[in-house]
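Residues in the sequence shown are numbered from 696 upward in steps of one, following the working numbering.
It is worth saying that the hints were derived from the structure and are not from the lab.
For every residue, glycine included, the Cβ atom is placed at its ideal position computed from N, Cα and C.
A couple of the hints might just be wrong.
Said to hold, decoys possible - Estimated spans, in silico, between C-beta atoms of each pair: (1) Arg843 / Asn954: 36 to 46 angstroms; (2) Ile894 / Lys714: 20 to 30 angstroms; (3) Ser944 / Val853: 51 to 61 angstroms; (4) Ser940 / Arg856: 53 to 63 angstroms; (5) His923 / Gly848: 24 to 34 angstroms; (6) Ser697 / Asn954: 40 to 50 angstroms.
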Amino acid sequence: MSENITEYLRKRAITDLFKMDTFSKAWPIWKIEVNKNINHLSATNVVNLGDKLGDIFRLTRVAGRSQSAVSGAGNAWEAIVCWYLNLCLIGSRTVVVKQKKSLIPEPIRQALTVSYGTFPSGTESDLIAITFPDKADYLNNKLSISIRGEDGGLIPTVKGRNNEYNYKSLIDALMERDFSDCEIGVIQCKTNWNDNAQIPMLWDMIYSSSGFRRHSISVGTSTFSINHVKNFTYSFVTVPTVERSRITSSSTAVKRVQNLSGGNYWGYPSQPSVANSLKDIFGKNFSAASSISLSQRLTSELPKLSSKYPYFNL
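Working from the sequences, and respecting the hints, build out all of it.
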């Protein structure tokens, strides 16, 4: 079955999740609960997993606040968020990817780079959402892409003895050509809201301001900047670890993230003036992902889950 470069990236992103110890060990338990909630495979049931992701995640919660426990929980949370978002985005032009140099297009990596003087630093982001342009190269068979590299020659679609797909060279060239037509979303995932709310607030301030010249802080490079993309958003997604009843609209942690450009979400139903359900991120940040509605697209794609998207392991 042929696939486009967008779906190839999604497959790579999800396959990498299952290579993580924290995710692969938790998945057998999560999978049972996920399947209970989408017993009837419909667009509504799949999207509504966003209301229940926090409870599903907590099924494998490890007691303790050691550094390893906190780090492992954080990695697992961002992984299940990445899995859910991509499941809801199948058949669209938006892919959510964990930070990995071999997957993130170089122009996007450069645009997200924050430099302090001459020292470059990557964003504190956990996930990066890329909405590719509505162009044939992103929609048609990935082997039919025809684009020239820096040397002026056509970039081969496969490489090496095993005819491995030449993804990185192709996507870098495509993004360099179409950079201003793509959308970028940074999604920071944290299990602890109280301890970490100031981090996305400060990063969103940096990206919104495009840097602070007086303090030698700059965003992007001379070639690629988030100011030149079609749209840029910064979001925060939490579990959280504290009891939800203790979080109110007046909580400091809530106020710190209430004005993020991409919104503030958790894995539970929306609570006004506190947090939106994760399922609401699609309408707010990814409306350009497809020419049809989220429900229409999923209704069309979900019947192909076992044949076209088996890597979701449902």
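Legend entry - Cβ distance range 36 to 46 angstroms for Arg843 and Asn954, holds or violated: holds, 43 angstroms
Inset, instruction - Could you say whether the range 53 to 63 angstroms given as a hint is met by the Cβ separation of Ser940 and Arg856? - result: holds, 59 angstroms
Inset, instruction - Please test the hint of 24 to 34 angstroms on the beta carbon pair from His923 and Gly848. - result: holds, 27 angstroms
Inset, instruction - Starting from the hint 40 to 50 angstroms, judge whether the C-beta atoms of Ser697 and Asn954 obey it. - result: holds, 43 angstroms
Legend entry - Distance restraint evaluation - Ile894, Lys714, Cβ atoms, bounds 20 to 30 angstroms: holds, 26 angstroms
Inset, instruction - With 51 to 61 angstroms as the target window, see if Ser944 and Val853 comply at their CB atoms. - result: holds, 54 angstroms
Of the numbered hints given earlier, the model fails none.
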